[in-house]
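Colleague: So you can see what is in the structure, the chains are spelled out below.
2 protein chains.
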Amino acid sequence: MNKTDLYIYNTLKRKKELFEPLTEGRVGMYVCGPTVYGDAHLGHARPAITFDIIFRYLQFLGYKVRYVRNITDVGHLENDADEGEDKIAKKARLEELEPMEVAQYYTKRYLDAMDALNVLRPSIQPTASGHIIEQIEIVKRILDEGYAYVSNGSVYFDVVKYQRDTNKYGILSNRVIEDMIATTRELDGQGEKHNPADFALWKKASPEHIMRWRSEWSEGFPGWHLECTAMSQKYLGEQFDIHGGGLDLLFPHHESEIAQSVCAFHTEPARYWIHNNMITINGQKMGKSLGNFITLEEIFKGDHSALQQAYSPMTIRFFILQAHYRSTLDFSNEALQAAEKGLKKMFEAFDNIKRIKTGDKTSIELDLMSKATEAMNDDFNTPVVIAHLFEAVRNINLLLDGSESITEADLQRFGDDFSTILQTILGLCEQESGNEQNVVNGLMNLILDIRSQARAAKDWNTSDKLRDELSSLGITIKDGKDGVTWSRD
Amino acid sequence: MNKTDLYIYNTLKRKKELFEPLTEGRVGMYVCGPTVYGDAHLGHARPAITFDIIFRYLQFLGYKVRYVRNITDVGHLENDADEGEDKIAKKARLEELEPMEVAQYYTKRYLDAMDALNVLRPSIQPTASGHIIEQIEIVKRILDEGYAYVSNGSVYFDVVKYQRDTNKYGILSNRVIEDMIATTRELDGQGEKHNPADFALWKKASPEHIMRWRSEWSEGFPGWHLECTAMSQKYLGEQFDIHGGGLDLLFPHHESEIAQSVCAFHTEPARYWIHNNMITINGQKMGKSLGNFITLEEIFKGDHSALQQAYSPMTIRFFILQAHYRSTLDFSNEALQAAEKGLKKMFEAFDNIKRIKTGDKTSIELDLMSKATEAMNDDFNTPVVIAHLFEAVRNINLLLDGSESITEADLQRFGDDFSTILQTILGLCEQESGNEQNVVNGLMNLILDIRSQARAAKDWNTSDKLRDELSSLGITIKDGKDGVTWSRD
Chain Y
1 MNKTDLYIYN TLKRKKELFE PLTEGRVGMY VCGPTVYGDA HLGHARPAIT FDIIFRYLQF
61 LGYKVRYVRN ITDVGHLEND ADEGEDKIAK KARLEELEPM EVAQYYTKRY LDAMDALNVL
121 RPSIQPTASG HIIEQIEIVK RILDEGYAYV SNGSVYFDVV KYQRDTNKYG ILSNRVIEDM
181 IATTRELDGQ GEKHNPADFA LWKKASPEHI MRWRSEWSEG FPGWHLECTA MSQKYLGEQF
241 DIHGGGLDLL FPHHESEIAQ SVCAFHTEPA RYWIHNNMIT INGQKMGKSL GNFITLEEIF
301 KGDHSALQQA YSPMTIRFFI LQAHYRSTLD FSNEALQAAE KGLKKMFEAF DNIKRIKTGD
361 KTSIELDLMS KATEAMNDDF NTPVVIAHLF EAVRNINLLL DGSESITEAD LQRFGDDFST
421 ILQTILGLCE QESGNEQNVV NGLMNLILDI RSQARAAKDW NTSDKLRDEL SSLGITIKDG
481 KDGVTWSRD
Chain W
1001 MNKTDLYIYN TLKRKKELFE PLTEGRVGMY VCGPTVYGDA HLGHARPAIT FDIIFRYLQF
1061 LGYKVRYVRN ITDVGHLEND ADEGEDKIAK KARLEELEPM EVAQYYTKRY LDAMDALNVL
1121 RPSIQPTASG HIIEQIEIVK RILDEGYAYV SNGSVYFDVV KYQRDTNKYG ILSNRVIEDM
1181 IATTRELDGQ GEKHNPADFA LWKKASPEHI MRWRSEWSEG FPGWHLECTA MSQKYLGEQF
1241 DIHGGGLDLL FPHHESEIAQ SVCAFHTEPA RYWIHNNMIT INGQKMGKSL GNFITLEEIF
1301 KGDHSALQQA YSPMTIRFFI LQAHYRSTLD FSNEALQAAE KGLKKMFEAF DNIKRIKTGD
1361 KTSIELDLMS KATEAMNDDF NTPVVIAHLF EAVRNINLLL DGSESITEAD LQRFGDDFST
1421 ILQTILGLCE QESGNEQNVV NGLMNLILDI RSQARAAKDW NTSDKLRDEL SSLGITIKDG
1481 KDGVTWSRD
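Protein sequence lines correspond, in order, to chains Y and W.
Numbered as in the working numbering, the first sequence ends at 489 without a single skipped number.
Numbered as in the working numbering, the second sequence ends at 1489 without a single skipped number.
A portion of the hints provided could be inaccurate.
Claimed, not checked - In silico negatives: residues of chain Y with every beta carbon more than 12 Å from chain W: (1) Asn10; (2) Gln104; (3) Gly146; (4) Gly302; (5) Val439; (6) Ile447; (7) Arg455.
Said to hold, decoys possible - Rough simulated footprint, nothing fancy, chain W against chain Y, three-plus residues with beta-carbon under 8 Å: (8) 163-175; (9) 369-379.
Hints were generated in silico from the structure; no laboratory data involved.
Since this is a predicted model, take the numbers as computed values, not measurements.
Don't be surprised by glycine CBs; every beta carbon is placed ideally from N, CA and C.
Model the full assembly from the supplied sequences, consistent with the hints where possible.
Modeller: Rendered as structure tokens:
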């Protein structure tokens, strides 16, 4: 198998397929990003890390990737239905803030949390509110093509006509249209639709709705599904390589995106659809009412009653990568503590590579990189990659205690491979500040050892000098019954 | 004088005026932000810090401030004129990138640099490309009012008619319209205008122009002056309190903003116009061709031939605050080194406050806060505030050596005031990472001292033990001709 023979599970085809980009050497990838009306929680970490891994691996394979992840700052309605109150506008009124102020506040907090998780920034992060004109253009196209109708100032996509002409509604989610009609709840404004399965392309704003733009149909706002069609087409073209998102977006969101593209551009938007599976917490679905809704900030600080301790961003990242992205994943203190230990072991071994003494022959296998790429090429199988890294950790320990041997050239290659897989492909890194803190702790232990030796030898000069010099660095030492403690100002 | 009696130099009136907000307790402030087609340089630091100080001080006075600073990601034309090539689109074509990818890349780098300078994020940072529909609305209004005309698919503002009807073109910049016509260069497309002083509200895109949107006049893009009118009105209202920017934007940009608002909304947009003055480098204007164009990243790293060393973000911030925002400011190594020393002295004194021994009477004046607010209320006079802080530094040193005395309650108040002025109002802080580095450096000096004493005493045991333990912390020491050096892995 060629290094670049990457197989991806394509939700659209319900099987793994060889990845072949539309344009040689380049990949266009669109992923549904966050709705920014609250703090990023565990449910945001998984898709962000899943598609970060895919972004990283495609680049590792040599592709030039344009990765677009949108920010939904308008139009995502409560109850995930077409009617109801715009989530962001509601929050804004509660806080007496401009909706955009709320959206930008939470966008920054989302990006800060993603930075902490070492998730690379996408190439473009377009906002829904910043692409109203592009969305209106697509509404016009779909109207021109006859697959939408105006009703009381709003515009609806005609699912029944689309289904009759193309037989495509359900192509992605595998649902049948009769079920869709049956599962659509009765909500205010339903009467405007010809059929309950129809979805809004443009909604006339109610008088209290703050976020609104003028259009030829009404002052209103675009339907939620439309922004992804508009922004993916604008930045990646009418057809592009990969569309990703959480499994919860499969229907109606992604199914509707396909319908919109087929009617507006006469093509399905993406060739490969990738969906990450959901997370649970102690076996339960996460939800505000269940008391297990944990924000990433709370996790990083250990500030939630369900948490026994704080978990670092890298522990969360490592934990998520220990499961395949298409499996469900259950968060529990036990599982996170195990991940924390595993990650620590991994980085200790990584640090120890430089302490390995080389010999004149190599007794271990040097197939770490080929095993890792084989696993990644099999639909980004990160748990298998991690298992191979742990095998390498065992080898490192055997090399350290002399049970195995390695030549200098092979050690160089082995170390480079380990580093590339750990840091470049999986995006795991030792957290800066923690590292700095470790060095300070280590140096302080060393100095306090010297000081107690001096005191044992009744060398008060040295002992006092150390105390004074530490004090000038803002470090206070205190001799107590149980030994010496120190603190910083 | 009341604590809240703030006087602001209003460029519009050419004098200092008592600040009175339109809505009690609230302030709306709009500031022209960066064009994101390259790295942030010294010229970006000054306006960002100037309006950060104003944002901070208004909040200190108890105002709830909505601070909007735009990001120009489209439509800012080369030569600061209406014609020419869009700067961002040009860069994108050179790098074979989507213009939005370039814009978002440099936006992130700009914000990172501003974060380093401890510049608070504005409440809203809207992008020009995200407000095309709002800009088109204003073009329509101005056309409807009769102050614009369509010419070959573009729309121009009719300066001559506006001047005839309102006599306002020049109200801010104090220019007379005949001069404006005389200073307008002849450029491609000039022939479309009725008068050379007219400016574009909407430009028809040339075939090679990438960033374009459909409008009733042409596929094109908005004129540069329009975005600020559209975004300030959207987020702050048709009239708001403060409009800020660099003095270089006074004409034609701000003058044209006023003209647009007067025609579209029948009001001048802002009641107070604040302009920061320009910077020079070693007495020269900064420019790429002069070889003195220094990015903030280069300054922070000391990575430019004109720099004798790196200067920390806080040194830059402190240096900028040492001049009043309406004075010109010259950067030189000498001046920055002096600022670095002054800032160090300031923070040393701040740290020493907690080491002051209190007594039963107070012999120093406790008017630091009233002096600082008096200076800030006089058009944000930060150099005077800093002078008062240095007076306080002298007092701290006198209190430390016992020449002056202070009670515990007064020391508490004095320390709180010093901290509020230094950190909350001026936004100066000790830099985390630099600080951590300093501690590591200090501890290493201590350990290397002990080691050389051990070696001098031929105590090889201690010397070797220290070397080994440092090595386990990832620190390598090396004995050379000129002494001991150390490095980290």
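Colleague: Give a verdict on every hint.
Modeller: Here is what the structure says about each hint:
1. Asn10: holds, 25 Å
2. Gln104: violated, 6 Å
3. Gly146: Holds, because the least Cβ-Cβ distance between glycine 146 of chain Y and chain W comes to about 21 Å, which exceeds 12 Å.
4. Gly302: The claim holds: glycine 302 of chain Y sits with its nearest Cβ about 21 Å from chain W, beyond 12 Å.
5. Val439: For valine 439 of chain Y, whose nearest Cβ neighbour in chain W is about 6 Å away, the distance does not exceed 12 Å, so it is violated.
6. Ile447: violated, 6 Å
7. Arg455: Label holds. Min Cβ-Cβ 14 Å, cutoff 12 Å.
8. 163-175: Coverage by chain W is violated for the region 163-175 of chain Y (0 residues, Cβ < 8 Å).
9. 369-379: violated (count 0)
Violation of the numbered hints given earlier is confined to hints 2, 5, 6, 8, 9; the remaining hints are satisfied by the structure.
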